[in-house]
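Q: The lines below spell out each chain.
There are 2 protein chains.
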Amino acid sequence: MAIRELRAATLNSRQFIKDQVKEIAETVGDGLAVTALSGGVDSSVVTMLGHRALGEKLKAYFIDNGLMRQDEPRMVAELFARFGVPVEIVPAQKEFFRALKGLVDPEQKREAITQTFYAKVFRRLLRKSRARFLLQGTILTDVEETVAGIKRQHNVLEQLGIDPKKAFGYAVIEPLLPLRKDGVRKVAKALGLPKSVYARMPFPGPALAARVVGEVTPERIDLVRKATAIVESELKAARAFQCMAILHEDRFAGMRDGKRDFGMQIEVRCWESVDARTARPVWLPARVHERLAARITTEVPGVVSVTYNIASKPPSTMEAV
Amino acid sequence: MAIRELRAATLNSRQFIKDQVKEIAETVGDGLAVTALSGGVDSSVVTMLGHRALGEKLKAYFIDNGLMRQDEPRMVAELFARFGVPVEIVPAQKEFFRALKGLVDPEQKREAITQTFYAKVFRRLLRKSRARFLLQGTILTDVEETVAGIKRQHNVLEQLGIDPKKAFGYAVIEPLLPLRKDGVRKVAKALGLPKSVYARMPFPGPALAARVVGEVTPERIDLVRKATAIVESELKAARAFQCMAILHEDRFAGMRDGKRDFGMQIEVRCWESVDARTARPVWLPARVHERLAARITTEVPGVVSVTYNIASKPPSTMEAV
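Protein sequence lines, in the order shown, are assigned to chains A and B.
The opening residue of the first sequence carries number 8 in the working numbering; numbering runs sequentially from there.
The opening residue of the second sequence carries number 8 in the working numbering; numbering runs sequentially from there.
Just chain A, same shape as in the assembly (with noise of 0.2 Å):
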């Protein structure tokens, strides 16, 4: 199936909002709907496009697979409860931990969390729900760097030539084909979800488990989310399109009260980018460097290195794995 790209610029959010609602609705019909929030601009405005078009025949789920960041669950549930949304958060961290266990190569890692997530977590809930369909955010970005072989998004399947219904049960919408990141924020906007939403940075379906060079442990997960916590403090101000902390695997020399500590490295990669298909690093004062490495050093066990990445896209990507 082509996809007709629509473009930001020329977005009239308005009548797109209009026409998928209406689609949805159709559809649907009289079935149920589910849908999974990450809080992430594209989840959050797929849950207000079904909720807009199917109010209580939609119900809305937050997955919390053990790799989000510091706080995530709760604070996405309140947002989406003030806006009429009730959000029910599902524990399956332990599903999706041993899932990955033993994973290093990071497409496993990837359809390891697939996996856990359509064929297992999602599977039961619709079950539970009776829902016939899965409203999802998916973009035209994903499934271009699906399609090219680049990186295998979670949330791609019939471009990939699987087919939900007979795989997992289940029909997936995706009403957010035709855009990119830049057209979904706008549509975001036009939906009324605040700013911490329409302008969020992305983050990606594999969660911190994306940040993980190597096996995805609890407690390697624990040390990339508090450097992640850190990370998006400090670069607050810089406004970035995307920045992000990244554990890697190799150790490196390192020293603690003058004895040799063979400790861990982060990495800082901070973006600038229109549209995800290219990015540049953003160049920051050193002031800022400094304080970074400082309290990742102080604050994350067992890390004696932080390193800033300097590559663009091409050819390097956003995400590390």
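Hints may contain errors.
[As the list claims (entries may be wrong)] Covered stretches of chain B, going by a simulated chain A footprint (3 or more residues, C-beta under 8 Å):
no. : segment
1   : 18–25
2   : 248–258
3   : 269–277
4   : 314–328
[Said to hold, decoys possible] Computed Cβ-Cβ distance ranges for the label pairs, DEER-style:
no. : chain 1 : residue 1 : chain 2 : residue 2 : range
5   : B       : Glu279    : A       : Arg21     : 48 to 58 Å
6   : B       : Gly91     : A       : Glu279    : 35 to 45 Å
7   : A       : Arg76     : B       : Glu279    : 45 to 55 Å
8   : B       : Ala245    : A       : Thr148    : 33 to 43 Å
9   : A       : Arg76     : B       : Trp290    : 43 to 53 Å
10  : A       : Gly309    : B       : Asp78     : 52 to 62 Å
11  : A       : Lys243    : B       : Arg89     : 49 to 59 Å
12  : B       : Lys108    : A       : Gly309    : 26 to 36 Å
13  : B       : Ala206    : A       : Thr148    : 17 to 27 Å
14  : B       : Arg137    : A       : Arg298    : 25 to 35 Å
15  : A       : Ala16     : B       : Arg81     : 55 to 65 Å
For the record, the hints were derived by calculation from the structure and aren't laboratory data.
Glycine residues also receive a C-beta, built at the ideal position from the N, C-alpha and C atoms.
With chain A fixed as given, assemble chain B onto it according to the hints.
A: Just chain B now, with coordinates in the frame of chain A:
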């Protein structure tokens, strides 16, 4: 043995040279001594002191361990020829790479280099030359860091309780033990060595092997050698205490020609320091970072990601492993 430190600020270089030349001459007596030049300021100063003390009774070698930088063996030999000191280049690449094969632990890698250097290549040279003394450029910081257990310097033996006479069959003379790097530079200048030597950046004993995380192979040394040449040429103007390229073992998502390319990462470090005991990153202009990243991802095959170190020493160390 307690070492009495001679501080650079109050060091009388001429007196120091006179004293050391006398002591070396007395210690070696009628015998022969050898020195292993690496091109660094420490081994260059020791070679000049030995040359003044012993003349033709000193035999200077450059061990080509396969881990040196671009053109280093040839350039060092040419420089000392100008001072009337003949340098014999000893090809030993195969022995070092054989000893390093399969090793990933930094201490094991250092140990393999130490053993190959002292117990194999050097012992052979000493037998051939019938020398009983090895002149060596160990400085105070090497000893302190080894004793503290921060990092095993390849040239510290007695301080670790190893008797080189018993272990390897020769005695080690270390005239620079009371000095730190700044003191050695002062002596180098007083000896008439050119600025390219006395102002030269420190380079580690294990050479480029200290800048490869994981296994050291000829192929991986070749990659870090290419990156090192780029970093040293692009950062010449920064007048840093030390700058380096480090090849990581971790792999990162990247893209080339629109296709996924799971590639390598090079970390650049550029240090501001007086005596190597503490150090801070040099804050470079954005265009320097851009050029470094562009050249490294273009000229070093398989590299998709480039980072810049932003942590200080401590808790980092200057070299990576």
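Q: Take the hints in turn and mark each one as holding or not.
A: Do the hints match the structure? See the list:
no., hint, in the structure
1, 18–25, "violated (count 0)"
2, 248–258, "holds (count 4)"
3, 269–277, "holds (count 4)"
4, 314–328, "holds (count 14)"
5, B:Glu279 with A:Arg21: 48 to 58 Å, "holds (56 Å)"
6, B:Gly91 with A:Glu279: 35 to 45 Å, "violated (57 Å)"
7, A:Arg76 with B:Glu279: 45 to 55 Å, "violated (34 Å)"
8, B:Ala245 with A:Thr148: 33 to 43 Å, "holds (37 Å)"
9, A:Arg76 with B:Trp290: 43 to 53 Å, "violated (29 Å)"
10, A:Gly309 with B:Asp78: 52 to 62 Å, "violated (39 Å)"
11, A:Lys243 with B:Arg89: 49 to 59 Å, "holds (57 Å)"
12, B:Lys108 with A:Gly309: 26 to 36 Å, "holds (30 Å)"
13, B:Ala206 with A:Thr148: 17 to 27 Å, "violated (49 Å)"
14, B:Arg137 with A:Arg298: 25 to 35 Å, "violated (59 Å)"
15, A:Ala16 with B:Arg81: 55 to 65 Å, "holds (58 Å)"
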